[in-house]
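Q: What follows is the residue order along each chain.
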Amino acid sequence: MFRTCDITGLKVDLRAEKLIQLNAVMAVVSLLIGVIAALLLVLTRWQVVHLLPVEWYYRVLTLHGLNALIFWIVFFEIAGLYFGSTIVLNSRMSSPKFGWLALILMVLGFLLVNFTILSGNADVLMTSYAPLQAHPLYYLGVILFAVGALTGVFLFFANLLIARKERTYGDSLPLFTFGLVAAAIIATLTLATGAIIYIPTLLWSLGIIKTIDAGVYKLVWWGLGHSSQQINVTAMIAVWYLGAFLTVGGTSINEKVSRFAFVFYVIGINVASAHHLLVDPGPSPAWKVFNTSYIMYIAVLASMIHAFAVPSAVESAQRRRGYTKGLFDWLKNAPWGNPAFSAVLLSIIIFGFIGGVTGVVNGMEQTNIIVHNTLSIPGHFKGTVVGGTTLAFMGATYYLIPLVFRKKIAFFGLAKIQPWLFGIGIAVLAVSMYILGAFGVPRRHYDITFSGGPFTYTFNPAVDFFWVLFALGGLLAVVGALAWILIVVISVFFGSPVKGPQDMQLQLASPPPPAKENHGFEAPGTLTLTLLFMGVFLIFLLLNWGWLSAMWEVR
Amino acid sequence: MEEKEKKVPFLQLVLDDFMFLLFLGVTIYAVSYLIWGLLELAWLSPIPSEIKESLLGGK
Amino acid sequence: MALLPPEEGWYFKRVAKDEKMWITIALVVCLVLFFWMIVWHVYGKQNPSFTTYRTTPQEFNALTQAFIQKYKIGEEKGIPVVEPPPNSDVFLLGKMWAWEPILVLKKGQEYRFHISSLDLLHGFSLQPVNMNFMVYPGYDYVLTFRPTSAGEFYIVCNEFCGIGHHMMIGKIIVKE
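Residue numbers (my numbering), protein chains in the order written: chain B, 280 to 834; chain X, 6 to 64; chain R, -11 to 164.
Be careful, since some hints might not be right.
As the list claims (entries may be wrong) - Calculated lysine to aspartate or glutamate pairs in the DMTMM-like style (CA-CA distance at most 20 Å, straight line):
1. Lys159(R) x Asp726(B)
2. Lys159(R) x Glu64(R)
3. Lys163(R) x Glu71(R)
4. Lys778(B) x Asp285(B)
5. Lys444(B) x Asp21(X)
6. Lys65(R) x Glu47(R)
7. Lys535(B) x Glu140(R)
8. Lys94(R) x Asp107(R)
9. Lys12(X) x Asp450(B)
10. Lys163(R) x Glu140(R)
11. Lys159(R) x Asp285(B)
12. Lys58(R) x Glu98(R)
13. Lys1(R) x Glu55(X)
14. Lys795(B) x Glu(-5)(R)
15. Lys159(R) x Glu71(R)
16. Lys290(B) x Glu445(B)
17. Lys535(B) x Glu55(X)
18. Lys5(R) x Glu801(B)
19. Lys95(R) x Glu832(B)
20. Lys57(X) x Glu88(R)
21. Lys58(R) x Glu55(X)
22. Lys795(B) x Glu(-4)(R)
23. Lys57(X) x Glu47(R)
24. Lys687(B) x Glu832(B)
25. Lys444(B) x Glu58(X)
To be verified - Label pairs and their calculated CB-CB ranges:
26. Val13(X) x Phe800(B): 43 to 51 Å
27. Pro73(R) x Leu397(B): 46 to 54 Å
28. Val20(R) x Leu289(B): 43 to 51 Å
29. Trp615(B) x Thr32(X): 25 to 33 Å
Read the hints as simulated data drawn from the structure, not as lab findings. All residues carry an ideal CB built from backbone N, CA and C; glycine is no exception.
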């Protein structure tokens, strides 16, 4: 039932390991579909090419949303949850049978959803806003996937209860697993909400329920839709801590601070789904302001705490190794040749400076007027879930391949630059989308020349330049993603086996020497970077409120 | 030998109790976002009759 | 450490000076952001509305047609052109795939817009001002606008509403 890893010394439940591998494979398959869809979409929205015909544009957009935003990430996260609750805790899988059930449900759901989309029976986009209606099998597929994922989440908690009872880890969970606990809590309410909204919608598509109120649908749906992204944020940050540990032996300089930050997420992050309804009729400004602020920004505070805690984990470890010169010697001498390290660092920078800066402003009740349903919105979330979460997961995989699949990383030279290809591509794509949206370019829109309409509106000619940047960034990101998929597939299925620690291409850092008694700043380089971030954030904030105040008056 | 007083702070116990955190997370979200939001939708009133009458002429 | 349980006594470890400084700055910014939104409702001139009414597509359509009849001044491309008086109730209907009617307004005057949909969700995206709101069937979103610029403005639909979504574009003319 167990093997002892000859590289990490951890006890590995073989039944958990198998499930981790299979969920990871499904994740990669989903990402491949999502990336191919992305390529087609980039070449369609860039109307110089306008590749797809109109119905296929919306169809592929739906396909892209489901596979890239849901399937790829959730399959990967389930693998991570199993890893964090068994191997990391030297403990066992509570019920492999339920793990298999979860996998089968998720695969079934994945197949049903993709099939109904490709056959033209679900041209409703990922949000499937009622009264838009898809084929019942589409909704059934989503429900099956959600139930399977929820089963996996419950297994995670069951694993933890067993590990706690059998005292395999002491009193407090390791930080990585604690972060996953926060993610799993969010996942629980996310998937439960999914059931609450999709079951009546399924009945409606079968004709059993007569109507679905559009306002109720959208309100409840985003309890699923945005909370699912908060799972991704939390899991990403857990992976950041993991990455800091594996690559440089760093850990949070204060466990209490990091753990409280995760608890702030648990308390405040889920209500922020309200930012999808800020310019909607229905809920009052009181509800909007309270909820969109993540309850007085408690969860944004948490993000800012992690923004300091993660880089300072790296800085602190590096300073203890002797890299103490100036503000950034620790960063210059970090293992940039380790693709897991570069992926995690790029993920932090892109998530913070692009995703984070734009996100808070978009989510303020009044400035949302500027961005809602423009291309700025997907521009924002390319910065968070693609440049942030996806890139971090890609980085983590470079350790997953040798440690869980026991294979050497193929095309290692390509692997070293892959995070840069993908990261730079996504950054350029995200920023150009955001700017296009600022010019008013709509999202989810087939033709911004409005051919066939009674009038036409011409956007500011500057958009032509940003469409080119959009295409270039998008294409580079696709190349970076396909490179990663190629490396993963070849390594896992055709790579040479890892026979022991001597075959590890990536360093598993040994713990740095203990910190000397220090009453000054522990991470001045990180403080400089976070203050720079705050400066950029405040400038962006003020610009947007300035732009808002110059618009027509409305109340 | 001296018995060391090992009293675990309440907040540390909270941090270590993941089932309680699960309850907290789900409940706060359910009340503040879902229930409050749905109530607000339920509380909406119809278009005032003065507006309707001024256009439709008291039909 | 991230993979190992935390060290003994982790709960009592002193928070480093720079981490404390950063958290304090972040906390202040967060509180300011929250109260900013509230203050803007009092002093700011751009706020999403406090007012929504329940309606039905049939009722709202009847009101819109009556509104058009009352203030119609012409037609463009088959769409009625309407010039309502300032400070009145203006009805705008979104449907697959058009906005009805075309509006003629006066700069600097207030108009109480009632916006709703005949069928699916639509997006009211006023260009080139770039103000964006949602349009629902069954809900009358009352937005009181005061145009601060004159000229020709377009209403782009920016919520997916079917195959003709990109043909859905309306017009507002604002006179000096």
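Q: Determine for every hint whether it applies to the structure shown.
A: Structure-based check of each hint:
Restraint check: the Cα-Cα separation between Lys159(R) and Asp726(B) comes to about 18 Å, which is no more than 20 Å; the hinted pair holds. Restraint check for Lys159(R) and Glu64(R): the C-alpha separation of about 10 Å stays at or below 20 Å, so the hint holds. As the CA atoms of Lys163(R) and Glu71(R) are separated by approximately 11 Å, the hinted pair is consistent with the 20 Å bound. Using a Cα cut-off of 20 Å, the hinted pair Lys778(B) and Asp285(B) holds, with the two alpha carbons roughly 9 Å apart.
For the hint pairing Lys444(B) with Asp21(X), the CA-to-CA distance comes to about 13 Å; that is within 20 Å, so the pair holds. Using a Cα cut-off of 20 Å, the hinted pair Lys65(R) and Glu47(R) is violated, with the two alpha carbons roughly 25 Å apart. In summary, the hint linking Lys535(B) to Glu140(R) is not supported, as the alpha carbons are separated by about 58 Å, beyond the 20 Å threshold. A hinted pair counts as satisfied when its Cα atoms are at most 20 Å apart, and Lys94(R) with Asp107(R) does not qualify at roughly 30 Å.
At roughly 13 Å between alpha-carbon atoms, Lys12(X) and Asp450(B) fall within 20 Å of each other, so this suggested pair holds. A C-alpha spacing of about 9 Å is found between Lys163(R) and Glu140(R), which places the hinted pair at or below 20 Å, so the restraint holds. Proposed proximity of Lys159(R) and Asp285(B) is contradicted: the alpha carbons are some 70 Å apart, above 20 Å. With a C-alpha separation of about 19 Å, the suggested pair Lys58(R) and Glu98(R) falls inside the 20 Å cut-off, and the hint holds.
Our distance criterion of 20 Å between C-alpha atoms is broken by Lys1(R) and Glu55(X), whose separation comes to about 66 Å. For the hint pairing Lys795(B) with Glu(-5)(R), the CA-to-CA distance comes to about 16 Å; that is within 20 Å, so the pair holds. Only pairs whose Cα atoms come within 20 Å are accepted, and Lys159(R) paired with Glu71(R) is accepted, the gap being roughly 12 Å. Distance restraint check for Lys290(B) and Glu445(B): the Cα-Cα separation of roughly 14 Å lies within the 20 Å cut-off, and the hinted pair is therefore satisfied.
A C-alpha spacing of about 60 Å is found between Lys535(B) and Glu55(X), which places the hinted pair above 20 Å, so the restraint is violated. Distance hint between Lys5(R) and Glu801(B) is fulfilled; the C-alpha atoms sit about 7 Å from each other, no more than 20 Å. Between the alpha carbons of Lys95(R) and Glu832(B) the distance comes to roughly 11 Å, so the proposed pair stays at or under 20 Å and holds. For a cut-off of 20 Å, the pair hint linking Lys57(X) to Glu88(R) stands: about 18 Å separates their Cα positions.
Note on Lys58(R) and Glu55(X): the hinted pairing holds, with a Cα-Cα distance of about 16 Å set against a maximum of 20 Å. Our distance criterion of 20 Å between C-alpha atoms is met by Lys795(B) and Glu(-4)(R), whose separation comes to about 18 Å. About 9 Å separates the Cα atoms of Lys57(X) and Glu47(R), which keeps this hinted pair within 20 Å; it holds. Proximity of Lys687(B) to Glu832(B) is assessed by CA-CA distance (about 61 Å); at most 20 Å being required, the pair is judged violated.
About 70 Å separates the Cα atoms of Lys444(B) and Glu58(X), which puts this hinted pair outside 20 Å; it is violated. A beta carbon spacing of about 30 Å between Val13(X) and Phe800(B) contradicts the range 43 to 51 Å that was offered as a hint. About 53 Å separates the C-beta atoms of Pro73(R) and Leu397(B), a value consistent with the hinted range of 46 to 54 Å. At about 45 Å, the beta-carbon gap between Val20(R) and Leu289(B) stays in the expected band of 43 to 51 Å.
The given range of 25 to 33 Å is broken by Trp615(B) and Thr32(X), whose C-beta atoms sit roughly 44 Å from each other.
Violation of the numbered hints given earlier is confined to hints 6, 7, 8, 11, 13, 17, 24, 25, 26 and 29; the remaining hints are satisfied by the structure.
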